[in-house]
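Visitor: Whole structure, please, built from the sequences with the hints as guidance.
Line by line, the protein sequences give chains A and B. Counting from 69, one number per residue, gives the positions in the first sequence under our numbering. Counting from 334, one number per residue, gives the positions in the second sequence under our numbering.
Some hints here could point you the wrong way.
Claimed, not checked - To give a feel for the contact side, a few chain A residues facing chain B, derived at Cβ under 10 Å:
id, residue
1, A220
2, Y225
3, L228
4, S292
5, P331
6, A338
7, F639
8, H644
9, N657
10, T662
11, E668
12, I713
Just so you know, the hints here were simulated from the structure itself, not pulled from any lab data. None of the values given here were measured: they were computed from a predicted structure. All C-beta atoms in this analysis are idealised placements derived from N, C-alpha and C, irrespective of residue type, glycine included.
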Amino acid sequence: MLVHYPGPWTPLLGRLALRQIPYQNPILVWTFVLVVLAGALVVGAITYTRSWTYLWREWLTSVDHKKIGVMYCLLGLVMFFRGFIDGVMMRTQQVMAVGPHSPGYLGALHGYLPPYHFGQIYSAHGTIMILFAITPILVGLMNIIVPLQIGARDMAYPYLNALSFWLTAAATGLVMISLFVGDFSHAGWVGLIPLTELAYSPGVGVDYWIWAVQIGSVGTTLASINIIATIIKMRAPGMSWTKMPIFCWTALSTSVVGLSSFPVFTAAVALLSLDRYAGTHFFTAGLGGNLMLYTDLFWIWGHPEVYYVVLPAFGILSEIIPTFSEKPLFGYMTMAAASIAIGGVSWSVWLHHFFTMGAGPGVNAFFSIASMLVGIPTGVKVFNWAFTLYRGRVRFDLPMLWALAALVLLLTGGLTGMMLAMPAINYTVHNSVFVVAHFHNMLNVVGFACLGAINFWFPKVFGFKLDERIGKRAFWYFSAGTAVLFGCMYALGFMGMPRRLDYIPFPSWRPLLIGEEIGIVLFLISSYYLVKQLYVSIRNRAQYRVSGSDAWGTARSLEWLAHCPVPFYNFAVQPHINVRDEWAWRRQNGLGQTAPEHYEDIHLPNNTPIPLFIGVLTFALGFGLVWRMYWLALASLIAIIAAIIARAFDDDPGQTIPGERIRRIEAGLAGVLEGRVATGDVVVGGAVAFETRATKAAPRARDA
Amino acid sequence: MSKMNDMDPAGAVLWAPHDAEPDMIATRTLGFWLYLLSDAMIVASLFASYLVLNHRMNAAAGPTAGAVMHPLTALWETILLLSAILAYGLSLVALKRKDRRGVLAGFGVACMLGLGFLVMEGHEFADLALRGAVPERSGYLSALYTLVLYHAVHIVFALLWTAVMAVQVARQGFTPNVVYRLLNLKLFWFFQGFIWIYVFCFVDLTGALHVH
Chain A
69 MLVHYPGPWT
79 PLLGRLALRQ
89 IPYQNPILVW
99 TFVLVVLAGA
109 LVVGAITYTR
119 SWTYLWREWL
129 TSVDHKKIGV
139 MYCLLGLVMF
149 FRGFIDGVMM
159 RTQQVMAVGP
169 HSPGYLGALH
179 GYLPPYHFGQ
189 IYSAHGTIMI
199 LFAITPILVG
209 LMNIIVPLQI
219 GARDMAYPYL
229 NALSFWLTAA
239 ATGLVMISLF
249 VGDFSHAGWV
259 GLIPLTELAY
269 SPGVGVDYWI
279 WAVQIGSVGT
289 TLASINIIAT
299 IIKMRAPGMS
309 WTKMPIFCWT
319 ALSTSVVGLS
329 SFPVFTAAVA
339 LLSLDRYAGT
349 HFFTAGLGGN
359 LMLYTDLFWI
369 WGHPEVYYVV
379 LPAFGILSEI
389 IPTFSEKPLF
399 GYMTMAAASI
409 AIGGVSWSVW
419 LHHFFTMGAG
429 PGVNAFFSIA
439 SMLVGIPTGV
449 KVFNWAFTLY
459 RGRVRFDLPM
469 LWALAALVLL
479 LTGGLTGMML
489 AMPAINYTVH
499 NSVFVVAHFH
509 NMLNVVGFAC
519 LGAINFWFPK
529 VFGFKLDERI
539 GKRAFWYFSA
549 GTAVLFGCMY
559 ALGFMGMPRR
569 LDYIPFPSWR
579 PLLIGEEIGI
589 VLFLISSYYL
599 VKQLYVSIRN
609 RAQYRVSGSD
619 AWGTARSLEW
629 LAHCPVPFYN
639 FAVQPHINVR
649 DEWAWRRQNG
659 LGQTAPEHYE
669 DIHLPNNTPI
679 PLFIGVLTFA
689 LGFGLVWRMY
699 WLALASLIAI
709 IAAIIARAFD
719 DDPGQTIPGE
729 RIRRIEAGLA
739 GVLEGRVATG
749 DVVVGGAVAF
759 ETRATKAAPR
769 ARDA
Chain B
334 MSKMNDMDPA
344 GAVLWAPHDA
354 EPDMIATRTL
364 GFWLYLLSDA
374 MIVASLFASY
384 LVLNHRMNAA
394 AGPTAGAVMH
404 PLTALWETIL
414 LLSAILAYGL
424 SLVALKRKDR
434 RGVLAGFGVA
444 CMLGLGFLVM
454 EGHEFADLAL
464 RGAVPERSGY
474 LSALYTLVLY
484 HAVHIVFALL
494 WTAVMAVQVA
504 RQGFTPNVVY
514 RLLNLKLFWF
524 FQGFIWIYVF
534 CFVDLTGALH
544 VH
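Guide: Structure (structure tokens):
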């Protein structure tokens, strides 16, 4: 059944051997040294502060939606940095390797990266940025915000939520380990067929790509199920569909898209892995394979995936813009309808990724018109945001800056998208960097929205704001970088520069390539300020502490009714929803401080390490399959099934937090918020701020 | 829009008297329906691949559908599988009577019939492979094996799950946790029957008709 491939194989280690460790590549060796040092620093810090039990009890085994959301965001931000460094390396290679006389270093003929290494970097950049950076950050934000916005205590399936996270983390681990053990795919983030077939890519790189995206997409599918069920089943009493905050509408639409499209990707990649492992002929160049079958299946997922990431970003803009315009969102119903419409139409546009494949004018016309239709609901959204701004009291706080810049980017990205939807134009710019500039433009909308969302909701989760002055500096450098880099890239696209070049034959393109390099340097400066912003804000957190539940003073939706930071139970008593912008309504009618009269017992699930175990086992499964250590893969698979069955026999009765304890925590919280209690010692980590307090108080509560 | 936010605050109910706990069984079943939707998308992708690759060109001079399909064998497989599903369905009728013995008896019959289905299908495909029609032979055979075996793997998991549930029913009786799993497993069994009907129509019957 199993295929023959070149190279040695041993039963114990499979294809793994010492020569697979790229110790002769100085770039990777220094990265490895850096990673080891940073890892040792983190492990040392955790050991020094004796935080291992804390980490295990409060985070790694947690099923709390806020903590899982924070871990998702953290994972996404780390991978965002990794993907960004890949981008820096590509830009630098392209600016160095221009013309036949450009010098070569480190074994490269031109520039410093040999073509195979360059291919791995752009493949890793795309895969990481879309699947392991932006997707986790957005899933994390939805995890944190959706239950709060609908007044729920947690997601519908807290255990499944932790499992989704640990599957994503396992997939990320596979991508990261491919840096130092073996190599990564060189066939682009789309898995260019038949380059990904065993005959043309006999190494383990494509296998790493396959198993990383496969495990990651299972995690995302499960997360989508969870968010849909949460929104359908867990809304607070009184919250009808039309009273739901708009971010929840986009989360619902995006999760429906994710739930229905990710399985197609799973199928496409599974068929590819059958080709590579079992010797089947789905996508091979001979013996009855069909190359276009892969391309179609991939983009049937790939295009909805684009809307999967952009819809929550639209939701974020719809929350930030009304808050800082001090007005209700204009056109709520059309906004909700547009969100669903974008999700729906995302299914009928995939072929515009390969107009040039020769499907014929009829097919191209259909997909061209369908692609242009996307502009209608998106246009509705843009006008709604504009009318929300119109005659509002617009404040330029940091989240608002990110949101407004995202709007500008959406205009340019959307209009170039309209251009690309026309087959006539598309034929001219197909596979040029014009396309790359367009989709980076659009994904920057998502990036800007994410950074805005992190600044916007940070005080909700952690109880203090991020530094505004440093953050604005980061914002301006980031915006300037975007304009310079992708402005130059659009121009290069018009000049006909193809994408994925490791060597640029025309010296006349050099000035614009230098412009792109300047852009990426601006991004580098911005990332310095982003890290500094986080560091300074955490260090001086007492100074950035927010008082009251509404960190911005003009927020509108329900999550701002809960304390900042949110206690582990979210709301002491579940709110009853009266109007659409419940918090704004309560604030404006003087009900913002009205506390519930009595507290009832709260029922919450217990923590469990099983999702973490399954994540580790899934990593082992992926690693075993990549290196064809079949014993490891089989053992992990059996252990995963055993863990799932064991969990089914270990019914979690959950824990009941007595109403009396809730009352005491709430009273203590009121003291903190009024500044009566010293806040300097509040632990960073959101809900944890009060949890440590609560766990200290817990034995007393039990004694009483 | 302002109408939506203009509610008289006097006397408005601000806090729910109790936590609105959604019905646990209904919530779990909804999640399982959503999972089935995602699995249906995988099956749809496999069917799409099968229909694309079910062409003389993709058979690469190897056997085509007409040469490898035995609709009569498939009919017997259909009868076995649908009877297994019927047995499982009837065991849930016993669940309504809280009849533990009846439920377990239904499980036993369902597992036996399901196992019979697997043996028969395994025999059919082993026979194919022995005659040289292995999945490595052509794109068409790859798609055929993958689609049908994907369904068979689901039946294996349905049997495993039914066995686990038999232990749980015997040990714990009909607790809410056990009942929601029994209901989800019913959906799972029915879903396999549903897919099989499509396999039977579009793979076995049309294959035997020499459509391509």
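Visitor: The structure should be examined with respect to each hint, and the outcome stated for every one.
Guide: We went through each hint and held it up to the structure:
{"no.": "1", "hint": "A220", "in the structure": "9 Å, holds"}
{"no.": "2", "hint": "Y225", "in the structure": "6 Å, holds"}
{"no.": "3", "hint": "L228", "in the structure": "8 Å, holds"}
{"no.": "4", "hint": "S292", "in the structure": "8 Å, holds"}
{"no.": "5", "hint": "P331", "in the structure": "4 Å, holds"}
{"no.": "6", "hint": "A338", "in the structure": "8 Å, holds"}
{"no.": "7", "hint": "F639", "in the structure": "9 Å, holds"}
{"no.": "8", "hint": "H644", "in the structure": "5 Å, holds"}
{"no.": "9", "hint": "N657", "in the structure": "4 Å, holds"}
{"no.": "10", "hint": "T662", "in the structure": "6 Å, holds"}
{"no.": "11", "hint": "E668", "in the structure": "6 Å, holds"}
{"no.": "12", "hint": "I713", "in the structure": "6 Å, holds"}
In summary, this structure violates none of the numbered hints.
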